[in-house]
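S.K.: Dock chain B against chain W, hints included.
Spelled out, the chains give:
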Amino acid sequence: MQTIPVVELENLKVTLGRREILHGITCRLGVSGTGKAVGLLGPNGAGKSTLILTLLGFLRPSAGRARILGMDCGRNMGEARSKIGYMPENDSFVGEMTAVNFLRQMAELSGLPPEAALEKAHEVLFHVGLGEARYRELRTYSLGMKQMAKLAQAIVHGPELVVLDEPTNGLDPAARRRMLKLVTDMKEEQGMNVLVCSHLLRDIEQVCDEAVIMKDGLIVHHCNLEEERRSNRSFVELEVTGDDRSLRMALPEIGAEGVSEGGGRWRIVLPAGVEVEAIWGLAARQNLLVRKLTHRRDTLEEIFLKAMGHLERTPGEGAALEAGSA
Amino acid sequence: MVLPRYAWRRLYQQRLVLLLTMAAFIWPLLCGGFVYLTNHVELLQGLDKGFREFIQVDGRFFSIFMYVQAGCAVFLAAMAGPGLVAPDLANNALPLYFSRPLTRWSYALARLTVIVGMLSVITWIPGLLLFALQVGLAGGWWFLANWTLGAGVLVGFFLWLLILGLVAMASSAYVKWRVVAGAVSLAFFFILAGISEMINQVFRVKWGHVLDPAWSVNRVWCTLLGVEPPDGPGALASMVALAGFVALLVLVIERKLRPVEVVR
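Residue numbers (our numbering), protein chains in the order written: chain W, 272 to 597; chain B, 3 to 266.
Looking at chain W on its own, in the form it has when it is part of the complex (with noise of 0.2 Å):
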C-alpha cells in the first residue's frame, strides 16, 4: 500500500518580499494515518513559522510545491484545511463569546452539523480541562486556560493532522505537563497525526517520533528520533575497581567497543541492541566490581546543537570514534 507523506516538500521557496525565506527545501514528513509526531525545530529567524503558515495556505510559494495529507498546499487547499486543525503561538480567539460556543462555531466552520458540534465541543472542553468554565467567555480565561482552549479548537472537529505553534508557551510546569500528555494522547489514542512547532527541546523530545532542525531557511537536519533512541550508539562511562587489563579484549565479546582513560574508568560505545545490562554481566565475569555506570544517549539537545555547528559531533559520536581510534 502506498504511503502518504503527512507534509511532502518539494523545492519549496517562499519570499516574503524581496527577501526569500526559506530556499528550496525538500524533504517528506510523518506518514498519514499513524498517529505520530512531527517536531519543527530550530532558532529564532530559521523560518518554522513561515513553513507553517505556507502549509496552511497562508503565504503562497514563490517556487516549488508544499502537499499536506497528499493534497496540494495551493490548488485543494479547501479540502486540505477540512482535515487540518491549527493552535496558533500568538493568543487567537474571539472573546465576547463563551468556550462551548466558541469550539460549537469553530466545528461548525470545519463542516460538523450544529448538533454534532455542539456535542464535540462539550466533549473537547472536558477532555482538556476545560469543562466546568464551558460556560465563561474567553476573554475572562487565564493564559493556560485561553492555551487549551486554543487546543481545543484545533481538535474540536477531529482533524487528521493538528499543527501546534509552541503549544507550551507560557505555561507553568504542571499545565506544560497536562499539554504534553494531551498532545501525547491525541496521536496515541486518537491517531492523530501532529506537527509541533516549538523551541523547546524537552518538548519536541518528550512527545515527538521524528524531528526536523531548520536554519536559516533550510532543513539541517531530519531525524527519526524512535529510531534515534533504538539505534542510536548509546555509550556508557563505566568506573571499575579491579584489574581491568583485559576488559577491552573482552568488550567484543557483547559487540562494544571501549576506551580506557585510566583509574578503572572507561567510555564504552554499545551498539544498537546491546542494553547496558550487558556490561553489568561482563564486569561480573571478569571480577570487576562496578562503582559507577552511567547510561546515556545523545540528547535532541546535542544533536540541535551539532545541527546549528556549536558542536562538532554529539558525545556518542565522539566515544564511538574514540573507540575506533583506540
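What the hints contain is simulated information worked out from the structure, not anything from laboratory work.
These numbers were taken from a predicted model, which means no experiment stands behind them.
Don't take each hint at face value.
Subject to a maximum C-alpha distance of 30 Å in a straight line, what follows is the list of computed DSS-like cross-link-like pairs (lysine-lysine) [what the hints assert, rightly or not]:
id: 1; chain 1: W; residue 1: LYS452; chain 2: W; residue 2: LYS577
id: 2; chain 1: W; residue 1: LYS417; chain 2: W; residue 2: LYS458
id: 3; chain 1: W; residue 1: LYS486; chain 2: W; residue 2: LYS354
id: 4; chain 1: W; residue 1: LYS563; chain 2: W; residue 2: LYS452
id: 5; chain 1: B; residue 1: LYS51; chain 2: B; residue 2: LYS178
id: 6; chain 1: W; residue 1: LYS458; chain 2: W; residue 2: LYS577
id: 7; chain 1: W; residue 1: LYS417; chain 2: B; residue 2: LYS258
id: 8; chain 1: W; residue 1: LYS417; chain 2: B; residue 2: LYS208
id: 9; chain 1: W; residue 1: LYS417; chain 2: W; residue 2: LYS452
id: 10; chain 1: W; residue 1: LYS284; chain 2: B; residue 2: LYS258
id: 11; chain 1: W; residue 1: LYS458; chain 2: W; residue 2: LYS486
id: 12; chain 1: W; residue 1: LYS354; chain 2: B; residue 2: LYS258
M.R.: Chain B only, in chain W's frame:
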C-alpha cells in the same frame, strides 16, 4: 451561513444596537400613518385643497423616507458594524477562521451579509412595506403606474447598504478598536462631504460632489425615484464615483483581512 448565524446572535445582544434599531422604526410608522391619511381623504376634509394635493405618496415622499432611514442606517452601521470585524482582528482570530475551509472573501461576504441584513430591517424592508401599504390602499392601478418607486427603494437602499457595510468593515479592518472604528466610519462620510464642498467652493465647480458618497447615492436615488436632482454631476458620474469608492474599500479590506501580517 455559520458565521452570519453566530454574528447575528452576538449583534442583538448589544442593548444600544437594539435600542437604535427600535428607534429607527418611529419614522416608518409615521410614514405609514401618512400613507393611510393620504388614502382616506375624508379625514382631510377640513384641510386646504392645495395642501391636500401637496401631500402625495410619490417619488418625493419615498425620497424623504429614504433620507431619514439612510441617516439612521449610518449611525447603526457605525455602532454595530465594527463590532463584527474589529474583535476578530484585535483578538487575532483570523488565523483560526482561515485555517478552516473558509476563504477571506467568504469571511468578508459573511460579515457584509450581517451588516446588510441588520440594516435591511430599518431600510428597504419598511420601505417596501410602505410601498405595499400604498398599493393595498390605492389599488392595482397605482402599482402599475408607480412600480418603479418600489424598485427604486430596493435598489437605492441596497446601494447605500453596500457602501455603509464596506465602510464599516474597512474602518474596523484599519482600526482594531471598535469604538474608534465606529468613529472613523462616521468621520468617513463627514470628512468627504467637507472635502467635496471645499473643492466646489475653492475651484468654483460642481464636480466636487462626486467625492461625497452620500451626495452621489442621493443623486442616484433621485434618478431612480424620478425626483428633481440636485445641481451637480449626473447619475452616471455619481455611479462611476461610487464604483470607485467600492473598489477602494474592497482594496482596503483585501489588504487588511489577512490571517497573518507579513512584515516585508
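S.K.: Take the C-alpha atoms of LYS458(W) and LYS577(W), compute the straight-line distance between them, and say whether it is at most 30 Å.
M.R.: 29 Å, holds
S.K.: With the threshold set at 30 Å, check whether the alpha-carbon distance from LYS417(W) to LYS458(W) stays at or below it.
M.R.: 22 Å, holds
S.K.: With the threshold set at 30 Å, check whether the alpha-carbon distance from LYS563(W) to LYS452(W) stays at or below it.
M.R.: Given that 30 Å is the threshold and the Cα spacing comes to 33 Å, the pair is violated.
S.K.: Keeping to a limit of 30 Å between CA atoms, is the pair of LYS417(W) and LYS208(B) held or broken?
M.R.: At roughly 56 Å apart (the allowed maximum being 30 Å), LYS208(B) and LYS417(W) break the hint.
S.K.: Would the pair LYS354(W) and LYS258(B) pass a check requiring their Cα atoms to be no farther apart than 30 Å?
M.R.: 26 Å, holds
S.K.: Sort out whether LYS577(W) lies within 30 Å of LYS452(W), counting only the CA atoms.
M.R.: Judged against 30 Å, a Cα distance of about 28 Å means the pair holds.
S.K.: Assess, step by step, whether the Cα of LYS417(W) is no farther than 30 Å from the Cα of LYS452(W), and give holds or violated.
M.R.: The hint holds at about 17 Å.
S.K.: Take a quick look at whether LYS284(W) and LYS258(B) sit within 30 Å of each other, Cα to Cα.
M.R.: Distance of about 24 Å is within 30 Å: holds.
S.K.: Are the Cα positions of LYS51(B) and LYS178(B) separated by 30 Å at most?
M.R.: 57 Å, violated
S.K.: CA of LYS486(W) to CA of LYS354(W), is that 30 Å or under?
M.R.: 29 Å, holds
S.K.: Would you mind confirming whether the straight-line C-alpha gap from LYS458(W) to LYS486(W) stays at or under 30 Å?
M.R.: This hinted pair holds, its Cα atoms lying about 27 Å apart.
S.K.: Could you grab the alpha-carbon distance between LYS417(W) and LYS258(B) and see if it respects the 30 Å cut-off?
M.R.: Satisfied, since the Cα-Cα distance of roughly 25 Å is no more than 30 Å.
The structure fails to meet hints 4, 5 and 8 from the earlier list, while all remaining hints are met.
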